[in-house]
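Participant: Since the structure of chain A is already known, use the hints to place chain B on it.
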Amino acid sequence: MTTLDRAPFGVTVRIAPADRSDALERRLAELGLRGGVEVRCLQRTAGGGRVVDVAGARIALGREVLQRVRTEPTGP
Amino acid sequence: MALAGAPNVGKSTLFNALTGARRTVGNWPGTTVEVGRGAVAVGPQTVAVVDLPGAYSLDPMSPDEQLTRDLLLATDGSAPDVVVVVASAAHLARSLYLVAQLRETSRPVVVALTMEDVAARRGQRVDAAALTAALGCPVVALDPRRRSGTERLVTAVEHALHCGPLVPRPGARPAGDEDPEADLRLADERFGWVEQAVTAAVHETGARARTWSDRIDRVATAPVVGPLLFLAVMWAVFQVTTTVAAPLQDALDALVTGPVSSGASWLVGAVGLGATPVEGFVVDGLVAGVGMLLTFVPLMALMFLLLAVLEDSGYMARAAVVTDRLMRRIGLPGRAFLPLVVGFGCNVPAVAATRILPTVRQRVLTALLVPFTSCSARLTVYVLLARTFFPEHAGTVVFAMYLASIVLVVLVGLALRSTLWRSMGAEPLVIDLPPYQRPTVRLSLSVMWLRLQGFLRTASGIIVVTVVAVWLLQSLPAGGGSFGEVPVEDSVYASISRTVAPALDPAGFGQWESVSALVVGFVAKEAVISSWAQTYALAEPSSARSPGALGDQLTATFDASSGGHGAVAVLAFMVFLLAYTPCVATLAAQRREIGTRWTVFGVLVQLVVAWTLAVVVFQVGRVFW
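These protein sequence lines are chains A and B, in that order.
The number in my numbering is simply the position in the first sequence, starting from 1, with 162 added.
The number in my numbering is simply the position in the second sequence, starting from 1, with 709 added.
If we strip away everything but chain A, and leave its shape as in the complex, we get:
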C-alpha cells in the first residue's frame, strides 16, 4: 500500500477504497478518483503536484492531495 505521490510515472495503479468521507474525498470521487478505479500519473507539475490520467481525463492534483490518495497494486 502506497500513495499516489510515490506511484511511478506512466504506470497504471489502482486507487484503494476511501476510509472516510469528507469534502475532498467527495470532490475527488466526482472527478472519478475513487476506490477501485485505475489511474496513471503522467507528469510532474510546477509546485510539486502531478497530472493524473483518470479514465481519459487529465486532473492536476497538488502534493497534499497526492499524499492522501492511497493506491494498491493492480492485477488479479
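No wet-lab data here; the hints were simulated from the structure.
A hint or two may mislead.
What the hints assert, rightly or not - Okay, the calculated beta carbon distance ranges per label pair:
hint	chain 1	residue 1	chain 2	residue 2	range
1	B	Q1146	A	V173	22 to 32 Å
2	B	T784	A	T165	23 to 33 Å
3	B	G752	A	P170	55 to 65 Å
4	B	G752	A	E234	38 to 48 Å
5	B	R855	A	P170	33 to 43 Å
6	B	H871	A	R168	47 to 57 Å
7	B	P874	A	P170	30 to 40 Å
8	A	T165	B	R855	40 to 50 Å
9	B	A757	A	R168	47 to 57 Å
Said to hold, decoys possible - Facing chain A, from chain B, some residues (calculated, C-beta under 10 Å):
hint	residue
10	A828
11	A896
12	S922
13	P932
14	G978
15	R1027
What the hints assert, rightly or not - Sample of chain A residues with no beta-carbon within 12 Å of chain B, all distances over it, derived:
hint	residue
16	T164
17	R176
18	A178
19	A191
20	G194
21	T207
22	T236
For each residue, glycine too, the CB sits at the ideal point set by N, CA and C.
Facilitator: Okay, now just chain B, sitting in the frame of chain A:
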C-alpha cells in the same frame, strides 16, 4: 427549463446556441453568481431557459452549487419543468452523478451529450440509445460549438414537457435522511448506477494515445518552464491592456474633450443657453462624465476578449496549476494572479477579471486587494512628485512605490484572511485540465460583448453621476459670487477640502490644495495633476518630466504644511495616493462584481490603511529628515 451539469461541459455554449441573441445575463440577488436567462421556441410556445452555474452534484460545496441545488429542488413552483443535464461524452462518468441524483426525484430530465469529438479522438464512442435505456431519460447527442443537433434537443424537451413527471429510479433515499453513514452508502450506490450506465453505453474503439494536449502540458505545467511560460502570457496580457489600449483611450479622450465638447458647447449656444450654468453642466459635467466612461470601453473590451480566449483555450486551468503554490501563501488560488497582474495596468478590468475565480469568497478577497496594485494612472503622479522633490533619485522613489504596492497586497491579503475569513482554508489543488481547443472567434466575441454590456450597464451610472457631482461642487460658491463663476478656492468644493484637511495634518499634507487633489483623485487619478494646475491657476505642465512652475508651487505648499519637512510629506502623500480608493470606475466595477456592501467595506479599509501608512511615514520620516 434549466441547463445544469458539471463545469466545463459546454452548458453556456449550448445556452447561447439555443437562445441566440435573446439572452440576457443578470446578477442573481444576494450573490455575484451569474445565472444566464433567455428564451427558446419549443413548438408553439416560448420556454424560459436558465443557465445554471456548473455543479457536479446536488451536494452543495460552494455558493454556486448551493444556488444550483436550490433552483433545481425548489418545491414552490419556481423549479424548472424540465432539467437539461449537459454531459460531456469525454467525461461521461462524472457528468452523470447529477443525473443519478435528479433521477431520484420525478423531475423530467433530458441529457444533452456534448464533446463527442473529444471522446472520439480518445478512442471512445458513446451509444446514445444504450445510454437512454440505462438512464431512463432521453439522451440527445449534439455539438453546441458548431450549433448542430440543437433542434433534436428542442424536440426532446418538447416531448418531456408533454409527458410530465418521470418515475423515479429505484434506490432513491427517503427525504430528510441526513445520516452521514447513509450518505456514504448512497454515494456509492449512485456511483454504481452511473458506472453501469457508462459500461452499457461506452465502446472503446481504439487504444488510448497521448494526445497533443498532453504534449503541450508537458511544457505548460512543467516545473520551471511552466511558470516561465505563464509569466510570458501575463506579460502579453499586461502589454495589451496598457500599450495597445492606451492609444485608443487617448484617441477617445481627445475626441471627447475636443470635437465633442465644442460640439456640445455649440449646441447649447444654438438653443440660446451659451455661457449659462447649463453649458457648464452639459460640457464639464455630462460630456466629461460620459467621455470618461467611453475611454474605458476599449480597455475593458480587450480585457474581456483576452479572458475569453484564455478560458476557452483551456490555458486558464494550467495557469492555476502553475501559480497555485505561490498564491496559496496569501490564501488565494493560483488563478488570482491574473487579476492582480492586470491591476498594475488598470484596476477596472482587474476587478472584472476576478470572475475567473471559482468561489465567491475568493472573488471578494481578490477584488478587495486589486485596488492596492498601483495602476498606471497613479504612475503619472508619482513621476511628477518624484521629479520635483527627489530629482536625483526619481527612479528609485517610483520603483519603491511599486514595491510598496506589492507588499501592501500581500499584507492586506494576510490581514483580511486572518480576521474575516479565518475559516477559509487553503483548499488543496484539484483541477480538471480540459483538453486544449482553438478558441472560436464567435464564442470569444460574444462572451466579450456580453461582459462589456454588463460593465456598461452597472458602471455607467456611478461614473457619470460622480463626475457631475464634482463639477457641481466646484461650481457652487461657498460664500458670495454666482453659480459657475467662482474661482475654485471659493467654491463649496474648496471649503469641503478645507474642512477635511486637518485630518491629514498628522501626515504632513493637511492643506486644502493637496486634499482637494486627493478628492479629485477619487474620481480619477489622471485628474490629480490637472486639479493642481487648476488650483494654482497655472497651465498644466506639458509633461510630467518637466514640472516647471507647478513644481515650485507644490514645493512651497508641502514645505508649509509639513513644517519644513516637505520631502517627507510628499512621500506620505504618495503612499496615501497608492493606498486609497483608486478611482470611481474601480468602485463601479467592484460594485458589479462583489456588491455594494463589500465595495463600501473596501473603501473604508483603503482609507484606514492609507491614512495610517501616511501618518507613520511622515512621523517616522521627519525624525530622520
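Participant: Now, for every hint given, state plainly whether the structure supports it.
Facilitator: Each hint tested on the structure:
{"no.": "1", "hint": "B:Q1146 <-> A:V173: 22 to 32 Å", "verdict": "holds, 29 Å"}
{"no.": "2", "hint": "B:T784 <-> A:T165: 23 to 33 Å", "verdict": "violated, 44 Å"}
{"no.": "3", "hint": "B:G752 <-> A:P170: 55 to 65 Å", "verdict": "holds, 57 Å"}
{"no.": "4", "hint": "B:G752 <-> A:E234: 38 to 48 Å", "verdict": "violated, 54 Å"}
{"no.": "5", "hint": "B:R855 <-> A:P170: 33 to 43 Å", "verdict": "holds, 40 Å"}
{"no.": "6", "hint": "B:H871 <-> A:R168: 47 to 57 Å", "verdict": "holds, 56 Å"}
{"no.": "7", "hint": "B:P874 <-> A:P170: 30 to 40 Å", "verdict": "violated, 51 Å"}
{"no.": "8", "hint": "A:T165 <-> B:R855: 40 to 50 Å", "verdict": "holds, 43 Å"}
{"no.": "9", "hint": "B:A757 <-> A:R168: 47 to 57 Å", "verdict": "holds, 52 Å"}
{"no.": "10", "hint": "A828", "verdict": "holds, 8 Å"}
{"no.": "11", "hint": "A896", "verdict": "holds, 7 Å"}
{"no.": "12", "hint": "S922", "verdict": "holds, 7 Å"}
{"no.": "13", "hint": "P932", "verdict": "holds, 5 Å"}
{"no.": "14", "hint": "G978", "verdict": "violated, 64 Å"}
{"no.": "15", "hint": "R1027", "verdict": "holds, 8 Å"}
{"no.": "16", "hint": "T164", "verdict": "holds, 19 Å"}
{"no.": "17", "hint": "R176", "verdict": "holds, 15 Å"}
{"no.": "18", "hint": "A178", "verdict": "holds, 15 Å"}
{"no.": "19", "hint": "A191", "verdict": "violated, 7 Å"}
{"no.": "20", "hint": "G194", "verdict": "violated, 5 Å"}
{"no.": "21", "hint": "T207", "verdict": "violated, 4 Å"}
{"no.": "22", "hint": "T236", "verdict": "holds, 16 Å"}
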